[in-house]
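S.K.: Sequence:
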Amino acid sequence: MKILLADDDHLSRRIMERMLRSNGYDVVTAENGRQAMEELSREDSPRLALLDWMMPELDGLGVCREIRARSDKSYVYILLLTAREAADDIVAGLKAGADDYLTKPCHAAELQARLHAGRRILLLEDKLVESREAMRFEATHDALTSVLNRGAVLAQIQNELNLSQHSTRSISLLLCDIDHFKQVNDNHGHLVGDEVLRQVSSRLSGCTRSGDLVGRYGGEEFLILLTDRDEDRSPYLGQQPFDDDTFLHRAEQIRQAVRSRPFSTEAGPLPVSVSIGAITLAPSIAAVSMELLLSLADQALYRAKAAGRDRAVFAEPLIISTFAEKQCSVPLFPGV
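Residue numbers (the numbering used here): 30 to 365.
Hints are computed from structural coordinates only; laboratory data are not their basis.
Just to be clear, a hint being listed does not mean it is correct.
As the list claims (entries may be wrong) - Straight-line C-alpha distance at most 30 angstroms; calculated DSS-like pairs for lysine-lysine:
1. 124 with 211
2. 334 with 133
3. 211 with 31
4. 124 with 156
5. 31 with 102
6. 102 with 124
7. 156 with 102
8. 133 with 211
Build out the structure end to end from the sequences listed, making use of the hints.
M.R.: Structure representation (structure tokens):
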């Protein structure tokens, strides 16, 4: 395990470093408190810290306070080394954020025991963080497909809508429905249907990028929110946002990714396609309800199905108060 050793006395630091290395620690050293903070601010920084109380630039108590003031890093277990033995000094060190203290010169066996206690606490914290993240994932993700569940994806879409009112970015909401999914369940059983749902969600997720959202809306329906990223903008368009044709191209990529090859299932390979209904929201638009966007996407999805399925139909981009629905794609495989 990596440990930070901060001590301005060269000889004491070398002796302590040798002791720690002999016990299997990966030692990072610092000559003063400011160097200690730099080391503890790096990526993959030590989570055990052995700090001398008296150091130049920033003393051990100062390092403790700065570490405890952070909220964006993993917990660091701090063992304070001091020649002070007065109760008031010990209380001051613990109040500053030290987890434990050890008087100098320290006994090797006692140091090892105290560091071992620190490692147990860090291990416990890691387990608690893992449990919390697992609970958070279960609360926000669909158990079958592992994409965002209905509540989580709707909440995040609402957040994007709120941000879009003050942004130069466009967004597009896609409502995707697996074609003839009832026939899959009726002909091959619900276990095969579950396989199809998992593989569709995997292909949908594989077509999206950072900033996009994929969630299961319910049954065989999925919601996708496509976002306009700076790096995706054409150099010839400068800072102009995406237009509907660009989102249409991305919707077509998603549609074709699903139908690109048969799905491998227990019932054998199955061809699967999706129908997509979508609406694009222009940037800096006045407040618009998510219910309206979902309604427009649902209407476009209905027309995609009525036109033969396996296609993407876009409503006219929502500008201020007018919109008209249009079909923006021709299926590459007519009649499928």
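S.K.: Each hint should be assessed against the structure and marked as holding or not.
M.R.: Here is what the structure says about each hint:
no.: 1; hint: 124 with 211; in the structure: violated, 64 angstroms
no.: 2; hint: 334 with 133; in the structure: violated, 78 angstroms
no.: 3; hint: 211 with 31; in the structure: violated, 55 angstroms
no.: 4; hint: 124 with 156; in the structure: holds, 26 angstroms
no.: 5; hint: 31 with 102; in the structure: holds, 15 angstroms
no.: 6; hint: 102 with 124; in the structure: holds, 20 angstroms
no.: 7; hint: 156 with 102; in the structure: holds, 16 angstroms
no.: 8; hint: 133 with 211; in the structure: violated, 74 angstroms
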